[in-house]
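Asker: Take a look at the letters that make up each chain.
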Amino acid sequence: MLEKGKINSLQAILLMISMILPTAVLSVPAITVKSARQDAWLSIIVATVVGLLIAWLVVTLSLRFPGKTLFEYVEEILGKIPGKIVSFFYIWWFLHMNALVIREYGVFLATAIMPDTPISVFHIVVVVVAAYAVRNGLEVLSRANQLLIPTTVLLATVFILSTGNMKLSRMLPVIDTGLLPIIKGAAAPASWLGEIVTFAMIIPYLNRPREAHRVAALSVLLVSFFLTASILEALLIFGPNLTGAWIFPVFNAVRLISVDNSLGRLEIIIVLAWVLGGFFKVGVFYYAAVLGSAQWLELKDYRPLVLPVGIILVALSILIHEGIVDLFDFLARVWPPYALIVFEAGIPLVLLLVALVRGKGGRKNA
Amino acid sequence: MRTMIALLLLLFIGIILLEVPALIKKKMWRELVAFSVYLLAGMALSIPQVLGVKLPNPTKVIEVVFKPISELLK
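Chains as they are written, first to last, in the working numbering: chain A, 1 to 366; chain B, 367 to 440.
Bear in mind the hints are in silico, worked out from the structure with no lab data behind them.
Hints are supplied without guarantee of correctness; some may be wrong.
[Stated by the list, open to error] Residues from chain A shown here face chain B by an in silico Cβ test under 7 Å; the list is partial:
#, residue
1, Pro308
2, Ala315
3, Gly323
4, Ile324
5, Val325
If you're wondering where the values come from, they're calculated on a predicted model, not measured in any experiment.
Ideal Cβ placement from N, Cα and C applies to all residues, glycine included.
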């Protein structure tokens, strides 16, 4: 066993929330509102259904192979060489997704808060901290996350404080634009919720794997709840036109909060939640890429790969996009089909079907 | 730029000194090869960028492959 740690179900739920939520809150509202307009909350409902289906798919697949991660059972299902090829693509996907997350993290900090700092500084800082956490293993990562996740609750408090600026009439008219824009708007949040696929790397290290279905479903539901809250936060304050035009509408909405002219500038709470959450998000995907690589190459220890992968991540995060416009265009149009069709739904579905047909895994082998 | 290159090389030397002696001591050759390949990949991605050489961008390939679907999302 490469990873000796065990985590409990609560830690797993919290880790999955930290893994999906941070970039979702900042990047998704603008993308979804742009196509679904004031019906963006309906898009999130559609996306939640997709997310729950993916969660069910991944957990069902993983539970057929107790104690094995995605990279181990791929080879059992497809055979050695096809399995290695699929694993290679998953390692690429984890690295690519992580590079994108690091880029979003850097772009947000550089554009919204510290415009004079070179963006690579943020990339290097977050990767160095994440590398330390990943080297210490899954248990350390999830315990640190459990300790720091209350910042997400602060986020909810901030949203409640801004209810004074909201007008419910900005959600009207309902389903004015038709069904197609709602489904288009659901693509981005669905691809974010589909990141629950990464749970396949963590299921073998749950102390009660039987609860995995509940863990995955609860994580998806909690993330959609926070995602809906943050979309409504921006939408009810700015209406669909402004929300769609901004890159970080939630950040701008929180900026407006002023309680009795004395309590203001609460956006720093969003930044706090984002910096901490972003670090855990980077950490989980980093861990998945490193552990996956070690299992792919059949190594005895994954720790020697941590630092080289960190260098690849920083270099890749700078290389993949020219600037912020390029990045968000990719996230809105290319990322959803790329992630959703291939890695989040497509390959797991094929794996489950092949496993059923070939009779691999399941109770009789357990 | 010279200082950047020097810092980068120093970082690589530091990583090698941190990981390699333990791997050799424990005779973990497979791990050593994997470490070297990943580190070389990291070098190949980072050094040209510091030197200002344009590397091929993997994102462009993905954009071309998924173009028919991403047109629908416009």
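Asker: It remains to establish, for every hint, whether it holds in the given structure.
Answerer: Now for the hints, and whether the structure bears them out:
For A/Pro308, the interface hint holds, the least distance from its beta-carbon to any beta-carbon of chain B being 4 Å, beneath 7 Å. Evaluation of the A/Ala315 hint against chain B yields a held restraint, the C-beta minimum of about 4 Å falling below 7 Å. A least Cβ separation of about 12 Å between A/Gly323 and chain B goes past the 7 Å threshold, and the interface hint is therefore violated. Hint status for A/Ile324 relative to chain B: violated, with the closest Cβ pair at about 14 Å, above 7 Å.
The closest approach between the C-beta of A/Val325 and any C-beta of chain B is roughly 13 Å, which is over the 7 Å cut-off, so the hint fails.
Comparing the model with each numbered hint stated earlier shows that hints 3, 4 and 5 do not hold.
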